[in-house]
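Asks: Below are the chains, spelled out letter by letter.
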Amino acid sequence: MHKIYLENFEGPLDLLLYFIRRDKIDIYDIPISKITKEYMITLDKMKKLNVTVAGDFIDMAATLMRIKAKILLPSQRNGSEESVEDPRTALVQQLLVYQQFKIAAEQLSNLAQQQNHYFPRQIKLDINGDDKRSELQIQNISLFDVAWHFKTALENMPVITQYELQKDNINLESQITKIMSWFDGDGILLFSSLMKRLIHKVEIIVSFLAVLELIQQGIIQVLQNEIFGEIEFHYLGNKA
Amino acid sequence: MQQKEQQLIIESLLFSTADPLTQKQLKFVFNSDPPDIQKIITELNNKYAKGGHSFYIRKIAGGYQITTKAEYEIWIHRLFKKNGQVMLSRASLETMAIVAYRQPISRYETESIRGVDCTGVLKTLLTNKLIRIQGRDSGPGRPLLYGTTKKFLENFGLNSISEIPKLKEISELSNSSN
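Heads up: the sequence lines are chains R and Z, in that order. For the first sequence, the residue numbers in this note's numbering are 115 to 354. For the second sequence, the residue numbers in this note's numbering are 341 to 518.
Note that these hints are calculated values from the structure, not bench results. These numbers were taken from a predicted model, which means no experiment stands behind them. Glycine included, C-beta positions come from ideal geometry on N, C-alpha and C. Some hints could be false.
[What the hints assert, rightly or not] Calculated from the model, a selection of chain R residues having no Cβ within reach of chain Z, i.e. all distances over 12 angstroms:
1) L129
2) L130
3) G169
4) I217
5) A226
6) I333
[Said to hold, decoys possible] Below, a list of computed lysine-lysine pairs in the BS3-like style, where the Cα atoms sit at most 30 angstroms apart:
7) R:K216 <-> Z:K379
8) Z:K421 <-> R:K265
9) R:K216 <-> Z:K506
10) Z:K344 <-> R:K216
11) R:K216 <-> Z:K364
12) Z:K399 <-> R:K216
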């Protein structure tokens, strides 16, 4: 029985490559049924160990199932045409490319190990107010570097915990009185001229409530003569 | 200026900085007619070899850097743990390799090769200045494209990006996996 240490896998492709290596499977002829089973058992183990199974692993499970289903389904082979694509091809290609970079990563790691034998000087230069030097320093900075630092600066900005609020002296009663005073001699107030007098968001909201209140009390009536036309408020006369 | 003096000036520049010294930088030091750096480095290295020293000058990241010889590593390690190199996790190394060979490359392409989310790893590499944003793809969503930096070359002991080991051919891989 092989013990699998899940944290050693970099992802679903890595896990599949592990099965392939361990069981000496021909990468071009993967027994999908067997490997899917193995894969699902491993996912179950992960769940039992309370490891949150990453979406990537579940995504691969779905891919494996899909391939398995395609293989099981009778292919629609008309005549003797052999050009039906193997449903495993895309996965095999992905595994090969991933393995290629896994090896490349090892090679890079070796290079880093070799470089680790050498100790360069540790002095980091300060710019001495020397223009030529500072020119040198700035040369390697791209627009993206600037954008990156700007973003970091924004992220590091102190969180504002205190706000200064302006007290709005707006209430429904006074807004009703105000609106009433804006009606012209004919007892008409245009919606557009009402909006022009309102500045703050709160004022607009309260005015809306005030208009509703006036309509409900039967003091005003709302009219619109045509679709998308101007809305008019008509004064109906004082309530009793 | 005497050749001997030029040699000593370049030696002092190498001594005073951690960053690799380039031919281009010499024009800021020598007002007119900067000397050929490669020639002077060879002379200096010959001098060090004759004199018997623990250090020499190495070509790295397109420039020259004074470093200790590899055989003194064990002694230096008794004093220092690190040499300023960034040590990478396997996930970071894989991502680093993909960016190095396929640059400029988007996060999406990197993820489709590795089969896992790469947001965090790319951010680590960016923070460590081993990769940088090279621009944006012209394709849908205009994703950011990543490429390697000078620090990447320094960290992996390369003189230029063309020195990275060749990717193994896919046919070789299938044999090795059997």
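Asks: Now look at each hint and say whether the structure bears it out.
Replies: Cross-check of the supplied hints:
1. L129: violated (9 angstroms)
2. L130: Answer for L130 (chain R): violated, closest chain Z Cβ roughly 9 angstroms.
3. G169: violated (8 angstroms)
4. I217: violated (6 angstroms)
5. A226: Contrary to the label, A226 (chain R) does not stay out of reach of chain Z, its closest Cβ about 5 angstroms off (not over 12 angstroms).
6. I333: Nearest chain Z Cβ is 55 angstroms from I333 (chain R), so the label holds.
7. R:K216 <-> Z:K379: Outside the cut-off at roughly 39 angstroms; violated.
8. Z:K421 <-> R:K265: violated (33 angstroms)
9. R:K216 <-> Z:K506: Holds - the C-alpha atoms of K506 (chain Z) and K216 (chain R) are around 13 angstroms apart, at most 30 angstroms.
10. Z:K344 <-> R:K216: violated (49 angstroms)
11. R:K216 <-> Z:K364: The hint is violated at about 36 angstroms.
12. Z:K399 <-> R:K216: With a Cα-Cα distance of about 28 angstroms, the restraint between K399 (chain Z) and K216 (chain R) holds, given a limit of 30 angstroms.
Hints 1, 2, 3, 4, 5, 7, 8, 10, 11 from the list above are not met by this structure, while the remaining hints are.
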